[in-house]
Amino acid sequence: MIERIEDVFTRQSNFSADIAHEIRTPITNLITQTEIALSQSRSQKELEDVLYSNLEELTRMAKMVSDMLFLAQADNNQLIPEKKMLNLADEVGKVFDFFEALAEDRGVELRFVGDKCQVAGDPLMLRRALSNLLSNALRYTPTGETIVVRCQTVDHLVQVIVENPGTPIAPEHLPRLFDRFYRVDPSRQRKGEGSGIGLAIVKSIVVAHKGTVAVTSDARGTRFVITLPA
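Residue numbers (numbering that gives the first Met the number 0): 0 to 229.
Don't read these hints as lab results, they were simulated from the structure.
Virtual Cβ for every residue (Gly too), placed ideally from N, Cα, C.
All the given hints hold, so there is nothing to weed out.
As a list, the in silico DSS-like pairs of lysine-lysine whose alpha-carbon atoms are at most 27 Å apart: (1) Lys82 x Lys62; (2) Lys115 x Lys83; (3) Lys83 x Lys209; (4) Lys93 x Lys62; (5) Lys93 x Lys209; (6) Lys209 x Lys82; (7) Lys93 x Lys115; (8) Lys115 x Lys82; (9) Lys93 x Lys82; (10) Lys93 x Lys83; (11) Lys209 x Lys115.
Label pairs and their computed distance ranges (CB to CB): (12) Glu45 x Leu68: 30 to 38 Å; (13) Asp48 x Gly92: 38 to 46 Å; (14) Glu45 x Asn86: 49 to 57 Å; (15) Thr58 x Val206: 26 to 34 Å; (16) Arg182 x Leu68: 18 to 26 Å; (17) Asp154 x Thr58: 39 to 47 Å; (18) Ile35 x Gln117: 52 to 60 Å; (19) Ala36 x Ile79: 44 to 52 Å; (20) Asp154 x Arg182: 34 to 42 Å; (21) Pro122 x Asp48: 36 to 44 Å; (22) Phe111 x Gln43: 45 to 53 Å; (23) Leu173 x Ala36: 38 to 46 Å; (24) Arg175 x Val49: 33 to 41 Å; (25) Gly92 x Thr211: 18 to 26 Å.
Please work from the sequences and hints to get the whole structure.
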């Protein structure tokens, strides 16, 4: 009992530390930018530019806090999927529709391969997990290449595989990719993209569905494999 209480306090402490660490710098930047704008004579257009820039950063921070609260629910075993029978091919199609314009803009093709796998799951949660994986794949896939999403049934289990070509991730980073705010080499990041907790959310959703998620990466590409009970 004492260990469980200590574990809850530890998770809450880590949650607070993560939030403080991630929002400290952007808040400082917002304060500085606002102070400069107020201390100098600016045209209406210049003030509007400052406000739009601040709004963009505040929107990003609000999403990050929302994501952290989602993870806090998972940490406290409060993430309960509202399951119903789903055709994962249909769910992948809906996610593709959402990312189609972005993929086209980046010159990347999205391709689905596989069966119409049936699984009991929460459609919103599973779409969120797939969206995070696809967003991650788009971030690192070179122009002119193809992201492939596969669905297959293996030994009464359903697997969804998201595979993209690109620079391989070093083996020492793979075990920690699903840790919140974990950063690989900065050369694999683009300014303004990602909060560093997308993959942690993927894992929390999959675990809530009694499944597993794994990643491999080599010269052929990076592959995320979600395995769920059929």
